[in-house]
Every structure is written in structure tokens, then in C-alpha cells.
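Undergrad: So the sequence lines, in the order shown, correspond to chains W and Y.
Each residue of the first sequence is one higher than the one before, starting from 2 at the first, in the working numbering.
Each residue of the second sequence is one higher than the one before, starting from 7 at the first, in the working numbering.
To be clear, the hints were calculated from the coordinates, so they are not data collected in a lab.
Do not rely on the hints blindly, as some may be mistaken.
What the hints assert, rightly or not - A few chain Y positions that, by computed beta-carbon distances, are all more than 12 Å from chain W:
no.	residue
1	Lys26
2	Ser50
3	Leu55
4	Phe56
5	Leu72
6	Leu78
7	Asn80
8	Lys107
9	Cys117
10	Asn133
11	Thr158
12	Gln160
13	Ser162
14	Phe165
As the list claims (entries may be wrong) - Derived DSS-like pairs (lysine-lysine); straight-line CA-CA distance at most 30 Å:
no.	chain 1	residue 1	chain 2	residue 2
15	Y	Lys33	Y	Lys127
16	W	Lys375	Y	Lys125
17	Y	Lys107	W	Lys375
18	W	Lys150	W	Lys172
19	Y	Lys140	W	Lys375
20	Y	Lys121	W	Lys435
Idealized CB from N, CA, C, for every residue including glycine.
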Amino acid sequence: MKKLKSTFLFLLPLIVILPVLAILIFNDLNKFTKNDFFNLLELRANTIFASTYANKISLDSLKTSSKRVFEKKDYLFELEDPKKIPKLADSLSLNKDFLEKVVKQKKANYTSSSNLYFGKTFNVDGNIVVVVTSLENYFEIHQLNYLKKSLVFYVILFIIILIIYYYYYTKNIYEPILKIIEEVKKISSKNLHLRLKQDNKIHEINQLSKTFNNMLDRIETSFETQNNFISNASHELRTPLTSIIGTSDVTLSKVRDKEEYIETLQIILEEAEKLDNKTKALLYLAQTGFSGQIQKFDKVRIDQVIMDVRETLLNINPKSKISIDFSLIPDDPWLMKVNGNEQLLNLAFSNLVGNACKYSNYQTVTISIGSSSKEVYVVIKDTGIGIPKDELKNIYEPFFRATNTKKFDGYGIGLPLVKNVINLHKGRIIVDSKEGFGTTVQVNFPVFVKEI
Amino acid sequence: MKTILIPTDFTVKSLNVLKKVLEDNSKKEPLKIFLVHGHHNSTSITDMLFFSKNQEIRSLSSQPFLDACEVLKNKFPNQISFLILDIFSGYYQSNFNDYLKINKIDQIYICDNIKQTFKSKRSFNLNPFIEKSKFENIVYIELDAIELKPETGQVSDLFINSDVA
């Protein structure tokens, strides 16, 4: 409830401003109209005096205008004795302080509850002539009064509206947000499965909860992937070890002949090499996965990398048929230079092309290179077993192997590694495949920009 | 400079026609290339008020298409003097004939066995216009491998014909 005070403080200036505004408007109008009428009365006084003493006095102070005047009562008299002012005032039913002011200051005005009075003195041959003009305070009585009542009513009405709005705001917007804050505080790495409720009447608050829940989904998935990775990795590494331990155990259980020992040692060697490869691959995966590790980056020619990859693969397996498509290679070598690490790029493409060869039973694999001035494109096409459509989204998961790969060897580490390398080089990889027909892998890299 | 026209549906696959033309261009002469797309303009008032041909082309084509154009330009820089993307929105044969005359087209290349796929319902095939135009210099291009591969919309569609190295 204390926190709601801050929103009330926000409302407070508005609640104060409204009455102040009303008062200012009212006073301003009041003053203005009064001034207006007194000017009118002064005019009238001048006219009366002038018309009475028309022959004797100059008419320089006379102004001409025409205004409507209500119920006028005018007085004109010569003042012989200043002490007689109170008596005069009573006899004319005028306010005596007002009269005295007129005589003293030569000009004064006075507002009674029903009338406006204006008085002025003129000098005629040494005698003081007093002219008093008056006007019924019609405007004040009727219009200003009504304005006053009206302003008061509206100010109160709007303050009530503001208070109602304040309650609506706190109940429907501020409170739900507070609730969401409370809920989110409860979520930690131990209970990531908690989700916010999405049943609020206001669409935007629901959207907020929904976005939060989506984010929690992503975080939970990545947490699980990491946990799975660790358990998968340990499982993968244990399999060859189990094989080694088991074979050794069996062989040692009794004395055997030379051939059996040789056979056992060969199995142990094979499994150890498998373990070595897996560990190396895992290490690379971990290394490339960390963006904190700074690899040596320099200008690398992609076409050179591809040529090297082709040679390497042909050496490993002479059955590989790799053809390089030069139909769209640009003449300008700078268009094929990429800011990268040659070993990592070598590793990534060896993996991709190696996969293409392997899963197509060593049919022809085509590598094409092209460049728009912003990106280099490397397209690797094979006519192999392809990837099933619904498994395409999982291919970058560590240890994932598609369902149609049973006949082929593999650990499932290659593609995650490739993805990490490509991400490190700020590139993109797009895989398109049709099961039974083949796979096309397109890799984009940003072209090396010569810094001046 | 020779000016040529190639109809396109703004897919990367259709750029293979241009690729073949440039590969077969044995004289290696510089070309002014018009890639024309048949598309009727929208008739709503707001669309007509704020019509911009460049924006229309950008929305009908795609970033991979524009990237693929750049790839071609980098491969054949001497042959491509101008590569112009344009929209033809006329209804009558005479409109198309006038279009050919105004742009001083010297030669038209079309491919019959490529299936045109249009992103917008208001787009149409230019081939009938071309054939009825009685233009003397129409060259037919044959692209065989193209029907087998489905359109992916990526730049890799440009690398279909593979020359063995």
C-alpha cells in the first residue's frame, strides 16, 4: 500500500491545479469586468460634468463611446465644507469612506453588494465639484455568480473523476504489475518450471506475462540442453571405456594364446582411438563454443580452404569424389577473402564435405563458390540419403543423429562444431534436404572488409 | 552495346537463365540487361498515392535474389554493364511492344521448361506477350537440371548447373 502512495503523489498536483486554475480564471474575469465598468463610469462622470458646466469648462477630458448602462443613479454637487461629508453621505445614501476618498484622492471607486460607484472631483473657479456615477452590479450579480457556481461544480466533478481513475489505475495496472514482480522473484534455477498466469483482463499485461513465460521456456530449454550435454558427453566417453575394460577383463580371466591377445590389443587400440577422436572433437566443440576464447583471426581465402579440404579428404579416403564448381567464382580474389581462422574453417568444411561424401556412399559431391560483394557463398551439394523434414531443426544438437543414419558411423558432434565455427566467423548456415534425394548446405560468410 | 531482355519471376532459380546466357556469351561483349517481371499495379487509392517502383520490386523480390544478382555481377563484371530490374504492368500486346521499342531491346531470351512461381496474385507470365510480339530476335534457352530441384529461395538455387572441375 505504501508503494501506491507514489502514484497518488503523481495525481496530487493535478488535484491542486484544477481549483487553482478555476480561482485564477474567476479572479481575472472579475477584475477585468470591474475595470471595464469603472472606465465606463468615469466616462459618464466626465460627460455629466461637461454637460452641466458646458459653457465654463474645457471639454478636453471627455471621451466618446457608447455602452449600455443599467439603472443609473448619478450625483453632482458642489462641496463647500469637507467636514460635512458624513452628513452628505447619509443624505445621499452613499458610503462615507468612499466619499472621503474621492475628495482626498480626486478619484475613487467603490463596490457595494448591488452597485458600482465611481467618484471624481473637478475644480471650478476654486470650488470643488464632486460627480458620482453609479451602476447596478448586474454582471457581478448574475454572470459572475453563475460562473463561480459553475466552476466549483466542474472542479469537484473532475477531481472525483481523477480519483476514480486513480483507483482504476492502481487496481488494474499497477497491482497486476506488482503481482508479476512478486511471482518472478520466486523463480530461480531450481524451479524454472514456474510460469506466470495469463488471465488478466488487460491485453498488455497478458502480453507481459506471456513474454516472460516464453523467455522462461527458452532459458529452461537451454538449461536442459546443457545438462543433457554433460550427461551425453560422459555417456559417449564411457562407451569405448566400457568396451576396453570389458575386453581386457574377459581376456585376462584365463590364459590365452598369442592370437587372442593380439586380437584383444587390436580391439583395445581401436576403442582407444575412438575415445581419442571423441575427446578431441568434444574439446574443439567446447573451445569454439566459448566466445571468450580469442582465436587468431586473419584474412583467409575461402577457395584455398576448399581446395585444401578436398585434398585432405581425398587423402583420407581415395573413394571420395569431390568436384569444385567454378561457374560463379569471381575473378577478384578479394571478394573471396574472409576474416577468420584457417584451421577452424578447415575443420568446419572438412566436416561438411566429409559428411556429404559419407552419407552419399561416396558419390559425387559438388562444392560451389560465389560472392556478392557483401557475402561469400559456399554451397555443398550431395545426392545422399538426405535428412528427414521433421528432424532438420535438431541437426545442430550435440550427439543428435537422424533416424536414417543407422548404417553410417558417426558421433553426432560434427554439425554442432560446424555451427559454432560459423557463428564465430559471423556467418550463416542454411541446410535444405529431401530424404532419399540429397542435401544442399549453403554457408555464408561476410566478405573481409579492407580497413583503411 | 547490346540490350537484352529476360523475363523473371524474381526467384533465384530464374536467374539461372541469365547465368546460362552470360556463360554462352562467347563474344564477351558488354550487355545491358533488363530483368522484367510482369505485375499489375494495385488499384487501391493509398497504394496508387504512395507507389514507388523500387519499393515494389524490393517487396516482390527477396534479399537472396538481390544477393544472387550481385554474385552474377561479380562473376561477369565485363559482360554486365547494366543490370536493370523492371516491372511491366501493361494489359495489352501493344503495351508490351511499345515497352520493347522504348527500351531499345535487341534480343530476348526465354526458357520454356522452367516453371514460374509468383509471390503475388497480381503477377503474370510474360512469355505469351513475348511470343505474340512478333519480335525477330527471340532465343530459347534450355535448362534441364532445373525441374528436379525444388525452389528454396536461397542463393544456393543459383548454383544448380555444376561444371565438373
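Undergrad: Hint by hint, say whether it matches the structure.
TA: Hints, one by one, checked against the model:
no. : hint                : in the structure
1   : Lys26               : 10 Å, violated
2   : Ser50               : 29 Å, holds
3   : Leu55               : 32 Å, holds
4   : Phe56               : 29 Å, holds
5   : Leu72               : 8 Å, violated
6   : Leu78               : 7 Å, violated
7   : Asn80               : 4 Å, violated
8   : Lys107              : 33 Å, holds
9   : Cys117              : 17 Å, holds
10  : Asn133              : 26 Å, holds
11  : Thr158              : 5 Å, violated
12  : Gln160              : 6 Å, violated
13  : Ser162              : 4 Å, violated
14  : Phe165              : 4 Å, violated
15  : Lys33/Y / Lys127/Y  : 39 Å, violated
16  : Lys375/W / Lys125/Y : 26 Å, holds
17  : Lys107/Y / Lys375/W : 36 Å, violated
18  : Lys150/W / Lys172/W : 33 Å, violated
19  : Lys140/Y / Lys375/W : 41 Å, violated
20  : Lys121/Y / Lys435/W : 20 Å, holds
When held up to the earlier numbered hints, the structure conflicts with 1, 5, 6, 7, 11, 12, 13, 14, 15, 17, 18, 19 and fits the remainder.
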